[in-house]
Amino acid sequence: MKAITYPGYGEPSVLELSDITDRPVGRGEILVRLVAASVNPVDWKTTAGYLADYAPVEFPAVAGSDVSGTVVAVGDDVTEFRVGDDVIGSVAPFIGAFSELAPVAAAVAAAKPDRLTFAEAACLPTAGLTALTAIRALAPEPGDTVVVNGAAGGIGTFATQLARSAGARVVGICSPAGADHVRRLGAEPVAYGPGLTSRLPDLDPARTSLVDTHGGEALADLVAVLGDPARAVSVAAPEIGTHGGRYLVVAPNGGDLAELAGAAADGRVQVVVARTFPIRDTRDAYEHLRAGGVHGKVVLDASTGW
Numbered sequence: 046m047k048a049i050t051y052p053g054y055g056e057p058s059v060l061e062l063s064d065i066t067d068r069p070v071g072r073g074e075i076l077v078r079l080v081a082a083s084v085n086p087v088d089w090k091t092t093a094g095y096l097a098d099y100a101p102v103e104f105p106a107v108a109g110s111d112v113s114g115t116v117v118a119v120g121d122d123v124t125e126f127r128v129g130d131d132v133i134g135s136v137a138p139f140i141g142a143f144s145e146l147a148p149v150a151a152a153v154a155a156a157k158p159d160r161l162t163f164a165e166a167a168c169l170p171t172a173g174l175t176a177l178t179a180i181r182a183l184a185p186e187p188g189d190t191v192v193v194n195g196a197a198g199g200i201g202t203f204a205t206q207l208a209r210s211a212g213a214r215v216v217g218i219c220s221p222a223g224a225d226h227v228r229r230l231g232a233e234p235v236a237y238g239p240g241l242t243s244r245l246p247d248l249d250p251a252r253t254s255l256v257d258t259h260g261g262e263a264l265a266d267l268v269a270v271l272g273d274p275a276r277a278v279s280v281a282a283p284e285i286g287t288h289g290g291r292y293l294v295v296a297p298n299g300g301d302l303a304e305l306a307g308a309a310a311d312g313r314v315q316v317v318v319a320r321t322f323p324i325r326d327t328r329d330a331y332e333h334l335r336a337g338g339v340h341g342k343v344v345l346d347a348s349t350g351w
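Residue numbers for the sequence shown follow my numbering, beginning at 46 and rising by one.
The set of hints was computed from the structure by calculation and includes no laboratory data.
Among these hints, one or two may not hold up.
As the list claims (entries may be wrong) - Listed next, the in silico SDA-like pairs over lysine to any residue satisfying Cα-Cα at most 25 Å (straight line):
1) K90 with D346
2) K47 with G350
3) K90 with P323
4) K47 with R78
5) K90 with A319
6) K47 with D98
7) K47 with D130
8) K90 with T287
9) K47 with A150
As the list claims (entries may be wrong) - Distance windows between CB atoms, simulated:
10) P239 with W351: 44 to 54 Å
11) G286 with T124: 35 to 45 Å
12) P105 with A236: 40 to 50 Å
13) Y292 with L248: 17 to 27 Å
14) G307 with P283: 44 to 54 Å
Each residue gets a CB set at the ideal place from its N, CA and C atoms; glycine is no exception.
Using the sequences plus the hints, can you model the full thing?
Following this line, the structure appears as structure tokens:
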């Protein structure tokens, strides 16, 4: 079967459309025929070797982490899914998704709602669950303010909406080009750049928290704006701990994914597909995402063939 593979760490140019041996379904797994997948920063960072200490890769490796498709086989001990079910899920650690048939642990998968396209559903596992983890950690209440650093990106788009659905005011830090996108999400955009904190609107430090999806030189200044640095979480910069904040790593969970998919299906959360590439053009999708300026999610379409 076909898959997007890479023989070693490197630039997106190392990605190849390859023939690989069939991948069996293991105990506790479902085998998913891929229809769509999303591309996350963690995918190109894994391919580049930036996460080698955290998630070492055996080569040749199949790229990708998020899948959306149809179950074609179920392993032993799987009772919640059947052949023919449309599902979403992710593989760990950030390898193995971009193949015609992808094994996914049933515990981290969820049914795809009929109201969501496969492309929309594929955007939820990594970015959506990461945002959900961050907002849950902060637990904003009506009247609170959440500052989202990187509000126009894949995780930031979800975090902004989830904070708004909790009743919080959201200040979204983004590039000038992302301001309209952030405004449409219901947030107040503030542009990156020198003097960032001086451009923030009036905030009550005691009722303000920070979700960082971007990192960068302004991170320490943003944490300092808060009344309590523990009200800052980052999903991008482990060094936030040196400023008193918390670094979060998402743990995939089928129940949380089902909750998020339900919110997207009934319109409480909008899935923003910024651009779609045929899966054979995964190199281009990586380059597009790595270049920055993406407002929402990048999707790979496997429905039209490899």
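* Hint numbers the structure violates, sorted upward? -> Violated: hints 6, 14.
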